[in-house]
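Top to bottom, those sequences are chains V and Z. Numbering follows full-length UniProt numbering, in which position 70 of the first sequence is assigned residue number 70; successive positions increment by one, without gaps. Numbering follows full-length UniProt numbering, in which position 238 of the second sequence is assigned residue number 238; successive positions increment by one, without gaps.
Just so you know, these hints were derived from the structure itself, not from any lab. There could be a bad hint or two in this list.
Identical chains blur together in the list; that is why a pair holds if it fits in one copy or across any two.
DSS-like, lysine-lysine: derived pairs with alpha carbons at most 30 Å apart [as the list claims (entries may be wrong)]: (1) Lys-9 with Lys-125; (2) Lys-272 with Lys-9; (3) Lys-436 with Lys-337; (4) Lys-178 with Lys-439; (5) Lys-249 with Lys-436; (6) Lys-249 with Lys-9; (7) Lys-75 with Lys-125; (8) Lys-82 with Lys-353; (9) Lys-59 with Lys-82; (10) Lys-350 with Lys-9; (11) Lys-272 with Lys-350; (12) Lys-337 with Lys-82; (13) Lys-249 with Lys-439; (14) Lys-125 with Lys-272; (15) Lys-178 with Lys-436; (16) Lys-80 with Lys-178; (17) Lys-496 with Lys-353; (18) Lys-337 with Lys-56.
Protein chains: 2
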Amino acid sequence: MEVTRRNFKESLNAVYSALEEADFLAIDGEFSGISDGPNVSALTNGLDTPEERYSKLKKHSMDFLLFQFGICTFKYDQTKSKYITKPFNFYVFPKPFNRTSPDLKFICQSSSIDFLASQGFDFNKVFCQGIPYLNQEEEVQLREQSEERRHQHANGVGTPSFISPSSKGPAHVPEEHKDFINRVIFYLFLIAFFCSFPTRFQRKLIYQTLNWKFPKGIHVETVETEKKERYIQVIKVDDEERKRREQQKREREQEELNDAVGFSRVIHAISKSGKLVVGHNMLLDVMHTIHQFYCPLSGAFVLFLHEIDLQDFKEVTMCVFPRLLDTKLMASTLPFKELITNTSLAELEKQVKESPFKSPQVETAEGFHSYDTAQQQLHEAGYDAYITGLCFVSMANYLGNLSRSLTSKRYIPYLNVTGPDLQPKRDHVLFVTFPKEWKTSDLYQLFSAFGNIQVSWLDDTSAFVSLSQTDQVQIAMNTSRYAESYRIQTYAEYVKGKHQNKEKLGQTPKSWGEDGWRKPHYASATSAATFGYPRYTLPDDDEAEEKESPEGNDAEGTVTWQQAPAVHGRKGQKKKKSKGVFFF
Amino acid sequence: MEVTRRNFKESLNAVYSALEEADFLAIDGEFSGISDGPNVSALTNGLDTPEERYSKLKKHSMDFLLFQFGICTFKYDQTKSKYITKPFNFYVFPKPFNRTSPDLKFICQSSSIDFLASQGFDFNKVFCQGIPYLNQEEEVQLREQSEERRHQHANGVGTPSFISPSSKGPAHVPEEHKDFINRVIFYLFLIAFFCSFPTRFQRKLIYQTLNWKFPKGIHVETVETEKKERYIQVIKVDDEERKRREQQKREREQEELNDAVGFSRVIHAISKSGKLVVGHNMLLDVMHTIHQFYCPLSGAFVLFLHEIDLQDFKEVTMCVFPRLLDTKLMASTLPFKELITNTSLAELEKQVKESPFKSPQVETAEGFHSYDTAQQQLHEAGYDAYITGLCFVSMANYLGNLSRSLTSKRYIPYLNVTGPDLQPKRDHVLFVTFPKEWKTSDLYQLFSAFGNIQVSWLDDTSAFVSLSQTDQVQIAMNTSRYAESYRIQTYAEYVKGKHQNKEKLGQTPKSWGEDGWRKPHYASATSAATFGYPRYTLPDDDEAEEKESPEGNDAEGTVTWQQAPAVHGRKGQKKKKSKGVFFF
Numbered sequence: 001m002e003v004t005r006r007n008f009k010e011s012l013n014a015v016y017s018a019l020e021e022a023d024f025l026a027i028d029g030e031f032s033g034i035s036d037g038p039n040v041s042a043l044t045n046g047l048d049t050p051e052e053r054y055s056k057l058k059k060h061s062m063d064f065l066l067f068q069f070g071i072c073t074f075k076y077d078q079t080k081s082k083y084i085t086k087p088f089n090f091y092v093f094p095k096p097f098n099r100t101s102p103d104l105k106f107i108c109q110s111s112s113i114d115f116l117a118s119q120g121f122d123f124n125k126v127f128c129q130g131i132p133y134l135n136q137e138e139e140v141q142l143r144e145q146s147e148e149r150r151h152q153h154a155n156g157v158g159t160p161s162f163i164s165p166s167s168k169g170p171a172h173v174p175e176e177h178k179d180f181i182n183r184v185i186f187y188l189f190l191i192a193f194f195c196s197f198p199t200r201f202q203r204k205l206i207y208q209t210l211n212w213k214f215p216k217g218i219h220v221e222t223v224e225t226e227k228k229e230r231y232i233q234v235i236k237v238d239d240e241e242r243k244r245r246e247q248q249k250r251e252r253e254q255e256e257l258n259d260a261v262g263f264s265r266v267i268h269a270i271s272k273s274g275k276l277v278v279g280h281n282m283l284l285d286v287m288h289t290i291h292q293f294y295c296p297l298s299g300a301f302v303l304f305l306h307e308i309d310l311q312d313f314k315e316v317t318m319c320v321f322p323r324l325l326d327t328k329l330m331a332s333t334l335p336f337k338e339l340i341t342n343t344s345l346a347e348l349e350k351q352v353k354e355s356p357f358k359s360p361q362v363e364t365a366e367g368f369h370s371y372d373t374a375q376q377q378l379h380e381a382g383y384d385a386y387i388t389g390l391c392f393v394s395m396a397n398y399l400g401n402l403s404r405s406l407t408s409k410r411y412i413p414y415l416n417v418t419g420p421d422l423q424p425k426r427d428h429v430l431f432v433t434f435p436k437e438w439k440t441s442d443l444y445q446l447f448s449a450f451g452n453i454q455v456s457w458l459d460d461t462s463a464f465v466s467l468s469q470t471d472q473v474q475i476a477m478n479t480s481r482y483a484e485s486y487r488i489q490t491y492a493e494y495v496k497g498k499h500q501n502k503e504k505l506g507q508t509p510k511s512w513g514e515d516g517w518r519k520p521h522y523a524s525a526t527s528a529a530t531f532g533y534p535r536y537t538l539p540d541d542d543e544a545e546e547k548e549s550p551e552g553n554d555a556e557g558t559v560t561w562q563q564a565p566a567v568h569g570r571k572g573q574k575k576k577k578s579k580g581v582f583f584f
Numbered sequence: 001m002e003v004t005r006r007n008f009k010e011s012l013n014a015v016y017s018a019l020e021e022a023d024f025l026a027i028d029g030e031f032s033g034i035s036d037g038p039n040v041s042a043l044t045n046g047l048d049t050p051e052e053r054y055s056k057l058k059k060h061s062m063d064f065l066l067f068q069f070g071i072c073t074f075k076y077d078q079t080k081s082k083y084i085t086k087p088f089n090f091y092v093f094p095k096p097f098n099r100t101s102p103d104l105k106f107i108c109q110s111s112s113i114d115f116l117a118s119q120g121f122d123f124n125k126v127f128c129q130g131i132p133y134l135n136q137e138e139e140v141q142l143r144e145q146s147e148e149r150r151h152q153h154a155n156g157v158g159t160p161s162f163i164s165p166s167s168k169g170p171a172h173v174p175e176e177h178k179d180f181i182n183r184v185i186f187y188l189f190l191i192a193f194f195c196s197f198p199t200r201f202q203r204k205l206i207y208q209t210l211n212w213k214f215p216k217g218i219h220v221e222t223v224e225t226e227k228k229e230r231y232i233q234v235i236k237v238d239d240e241e242r243k244r245r246e247q248q249k250r251e252r253e254q255e256e257l258n259d260a261v262g263f264s265r266v267i268h269a270i271s272k273s274g275k276l277v278v279g280h281n282m283l284l285d286v287m288h289t290i291h292q293f294y295c296p297l298s299g300a301f302v303l304f305l306h307e308i309d310l311q312d313f314k315e316v317t318m319c320v321f322p323r324l325l326d327t328k329l330m331a332s333t334l335p336f337k338e339l340i341t342n343t344s345l346a347e348l349e350k351q352v353k354e355s356p357f358k359s360p361q362v363e364t365a366e367g368f369h370s371y372d373t374a375q376q377q378l379h380e381a382g383y384d385a386y387i388t389g390l391c392f393v394s395m396a397n398y399l400g401n402l403s404r405s406l407t408s409k410r411y412i413p414y415l416n417v418t419g420p421d422l423q424p425k426r427d428h429v430l431f432v433t434f435p436k437e438w439k440t441s442d443l444y445q446l447f448s449a450f451g452n453i454q455v456s457w458l459d460d461t462s463a464f465v466s467l468s469q470t471d472q473v474q475i476a477m478n479t480s481r482y483a484e485s486y487r488i489q490t491y492a493e494y495v496k497g498k499h500q501n502k503e504k505l506g507q508t509p510k511s512w513g514e515d516g517w518r519k520p521h522y523a524s525a526t527s528a529a530t531f532g533y534p535r536y537t538l539p540d541d542d543e544a545e546e547k548e549s550p551e552g553n554d555a556e557g558t559v560t561w562q563q564a565p566a567v568h569g570r571k572g573q574k575k576k577k578s579k580g581v582f583f584f
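Kindly generate the complete structure, drawing on both the sequences and the hints.
See the structure below:
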């Protein structure tokens with residue numbers, strides 16, 4: 001279902017009931033850009049620590065706009081033995097609510113816009129019909145302002161302090177406004193009148209004069225025409241009528257406020273449902289969702305009191321999405337990593353249709369757009385959410401008895417990894433610097449004697465190179481000793497140098513354990529969420545990380561996916577139960 | 001004529017010939033936003049100095065995108081006694097040229113986007129079909145790269161230095177690539193073959209091997225399919241055929257480069273034409289035009305060697321647009337300011353249809369979209385350019401014998417004010433600070449005893465207030481002495497305070513003449529340009545400025561518009577003749 005400003009209100013109930021009945025839902029976002037700093041491939045490096053990845057995305061991605069939000073709900077129908085899906089495709093745009101509301105600026109990245117254009121993306125739907133939204137602070141502010149105006153109106157309005165600082169009676173009416181106010185009083189002999197919009201000061205005078213002359217029998221209201229012309233409507237009424245009209249006015253204002261909260265209401269509903277939310281490589285989606293609809297994580301254009309660090313972000317995420325699962329992470333972890341060669345969404349979707357997986361049985365609910373995976377509509381958020389959900393079901397079915405546990409609503413399989421972030425071993429990683437003309441192929445050439453390597457670019461003149469064998473590190477170091485055009489450091493040397501630089505800048509260096517691991521302090525947990533870009537591209541690396549995982553792995557270190565108690569229902573979900581480890 | 005990427009190349013000749021035959025042309029731009037700093041009304045203050053205005057716009061407006069560019073050419077047809085107009089409406093978008101070209105980021109401002117959306121603006125035309133462009137540096141870089149590639153190809157390519165630093169013969173072929181290269185040589189027994197795209201290193205090996213084995217008889221070329229898949233095409237040819245193919249390839253590359261230069265070619269053509277360019281409140285249009293299509297003035301996202309200051313900007317502008325005229329400035333200056341009450345484009349267009357002005361006789365050239373001013377299509381750039389031209393003709397006709405002088409191509413009336421920027425007297429201006437709750441009406445209230453005032457907001461808690469009588473300044477100052485909620489300074493005190501702050505920051509204070517004016521150093525001039533937002537809102541102010549204007553005013557200080565020798569033709573226009581004063 002395509003949802004824009006035009007059909008948003010009438011679609012809300014369909015959204016709510018889809019969320020209510022869903023066993024789980026998948027989400028996806030489309031953005032006006034990815035990186036305002038380094039180029040996209042350099043933005044998130046395979047060897048980033050969680051802090052680095054989060055900080056980079058926060059710094060370089062939050063000023064883009066999440067302008068299309070896809071939700072696809074999945075509900076298992078036992079009689080049909082299939083999933084009933086309800087895909088929604090929302091267009092979102094921060095249309096200013098009124099002349100005093102924040103005028104948001106966002107960045108567009110030409111390559112992203114051009115890419116979406118080539119996929120047939122409809123920008124007019126975003127910019128002309130996008131559903132508005134407010135974050136929580138903006139919503140609170142607007143509600144407070146509205147309350148304050150109502151209060152002021154009820155009690156009469158104060159005048160600027162330099163005119164009559166403590167006046168409770170009518171304000172002193174300056175000479176040049178006396179005519180105007182007399183006309184206002186004169187007109188009140190008629191039943192009602194409209195006054196073309198006066199200045200703020202004149203408006204105050206009107207309210208005051210009327211409150212003073214007719215303390216009960218007048219209803220005053222600001223009316224805005226479709227052409228944005230504003231009038232003051234003044235109507236003589238009896239007490240009952242006045243109350244009725246004030247009630248009407250309050251209701252109208254409440255509705256306008258709800259309209260302004262707009263798409264955020266959908267996110268609030270997802271959050272309240274407590275349902276499992278699945279996404280593919282969803283860190284950026286979750287960051288943007290929280291940034292736009294809850295609290296700004298960062299931003300050149302946004303005033304905020306303090307930066308949200310990774311720990312804060314995790315806590316907010318746990319509140320907003322108590323249960324998250326990333327299909328890219330899932331596909332990159334045992335047992336799936338041995339079955340799936342390419343974890344991009346499009347490729348994953350193809351692979352989980354083939355043996356040993358099975359295409360899940362799905363049916364689109366009546367009245368919803370039916371997607372055909374043969375005609376790929378990738379990069380429409382609703383479609384991407386739909387196939388993300390399909391991938392999840394296929395993989396979960398492979399693990400066995402998913403549908404039963406989902407429908408029984410007692411157990412949900414998800415990655416239950418808790419505790420502080422792990423700092424993986426990087427013994428096999430080299431930090432290489434070289435002339436800016438070098439390309440990846442030059443690095444492959446340089447290390448051609450060492451077999452398979454993995455290159456993670458840092459900037460124009462440096463990269464991490466992961467060797468497949470740790471014992472080759474010393475050979476590479478020795479070989480490079482006399483090289484002039486390039487330079488090699490071990491990962492440990494690189495980190496030490498970085499910490500020394502930080503120390504110079506007055507920061508405390510982090511402590512490292514003897515074995516190169518920072519010791520995690522485990523916390524007991526009943527709920528956890530995990531998502532992100534997997535960085536396990538090398539077998540050594542993966543095993544090391546899995547071995548250190550305090551929970552979620554059995555003794556053999558092979559099974560990462562296990563059944564764990566679900567946290568469902570509305571109760572307590574806003575309370576942080578524990579902290580989870582985020583895999584980036 | 002609506003011009004997008006789809007019909008750009010076939011429309012270029014129509015653009016060129018319209019410019020060639022035009023007596024003058026009008027331009028207008030639509031942007032993705034106006035201000036990324038203070039709100040739009042505070043961005044440009046009526047009392048800004050030229051430096052301040054330029055600096056503010058440079059700092060807060062250059063990261064938006066000029067995405068619709070309107071040009072309307074006007075040619076006087078003597079037989080018909082009317083102007084023949086050719087309006088063009090270009091959609092512009094910085095589509096990346098290839099994978100190595102800059103990935104431009106630009107800011108969108110919700111209010112601007114929402115406003116354009118409400119006017120029926122078609123964003124899909126911009127983002128999906130916008131004409132690409134390059135600034136001069138990007139163009140030079142791309143042409144150099146292309147030249148370099150050609151040169152490398154002709155001479156064989158060097159290998160990375162760590163393999164064979166001084167090799168002129170074939171490169172050392174590493175063991176794992178030998179099979180590949182042998183296959184390449186083997187295939188050359190066939191007539192031609194395609195090679196699916198190899199790594200950069202393999203590509204080098206191929207080029208070298210082929211150059212070594214077949215120094216004359218091979219044509220090698222990189223081919224990109226529509227799906228962006230790249231191949232190397234290798235064809236055995238004789239010497240003549242090889243030359244022919246290389247010539248073809250060069251021409252194709254040149255055409256691709258010209259396509260990448262795209263819309264900038266239109267701006268270059270305007271510049272080369274040397275024709276009078278008219279705009280309404282055109283400072284921002286000119287700044288954006290130079291920023292996007294010539295040299296970045298500033299930018300958070302653009303790497304640049306040095307900031308372009310006001311003086312640099314003027315010099316660049318004189319080169320790019322040797323003759324500029326701003327209709328808003330014209331309408332705000334004598335004799336028009338006494339006839340025209342509202343200088344916004346829409347209102348001006350209405351007023352110059354009425355007595356004492358006359359609607360100009362115009363006719364749209366065949367094959368061009370005919371605009372109807374009764375059905376206002378304001379904020380389509382082509383339409384705005386069209387009515388800007390109409391306003392210019394009406395006002396110029398009022399001054400007399402415009403059409404004759406235009407058609408004779410000997411004299412063009414324009415503001416010929418030269419010399420350094422004037423620093424106008426601000427004796428009647430007060431600098432007022434107050435609590436942030438204050439609105440304009442509070443200021444009107446505060447100064448209600450002083451008759452008509454003008455308020456120019458600086459920020460939330462300060463504004464310039466211009467009194468109509470200079471002798472009231474002292475009264476206001478005295479009255480404010482005991483005020484607690486607000487504070488008043490004279491303009492001179494304010495400026496002094498500002499300079500003292502600058503001095504503290506290590507900057508040299510500017511010298512001021514005894515009479516409060518900085519002495520201008522006049523330069524003789526044969527050409528000048530002027531445009532911008534007029535700040536003459538008070539009679540005193542206007543007269544003061546006009547009195548000091550070294551040229552362009554007669555002794556009575558009443559006529560600002562006079563005939564002056566036109567600078568036309570292509571000769572010498574790229575040479576800076578003199579500097580002009582820009583009125584902001």
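Tested hints:
no.	hint	verdict
1	Lys-9 with Lys-125	both (16 Å within a copy, 29 Å between copies)
2	Lys-272 with Lys-9	within (19 Å within a copy, 55 Å between copies)
3	Lys-436 with Lys-337	neither (34 Å within a copy, 59 Å between copies)
4	Lys-178 with Lys-439	between (78 Å within a copy, 21 Å between copies)
5	Lys-249 with Lys-436	between (65 Å within a copy, 29 Å between copies)
6	Lys-249 with Lys-9	within (20 Å within a copy, 57 Å between copies)
7	Lys-75 with Lys-125	within (29 Å within a copy, 40 Å between copies)
8	Lys-82 with Lys-353	within (15 Å within a copy, 71 Å between copies)
9	Lys-59 with Lys-82	neither (43 Å within a copy, 58 Å between copies)
10	Lys-350 with Lys-9	neither (36 Å within a copy, 41 Å between copies)
11	Lys-272 with Lys-350	neither (33 Å within a copy, 56 Å between copies)
12	Lys-337 with Lys-82	within (26 Å within a copy, 76 Å between copies)
13	Lys-249 with Lys-439	between (66 Å within a copy, 26 Å between copies)
14	Lys-125 with Lys-272	within (28 Å within a copy, 40 Å between copies)
15	Lys-178 with Lys-436	between (75 Å within a copy, 27 Å between copies)
16	Lys-80 with Lys-178	neither (77 Å within a copy, 58 Å between copies)
17	Lys-496 with Lys-353	neither (46 Å within a copy, 75 Å between copies)
18	Lys-337 with Lys-56	within (26 Å within a copy, 54 Å between copies)
Consistency with the previously given hints fails for numbers 3, 9, 10, 11, 16, 17, ordered from lowest to highest.
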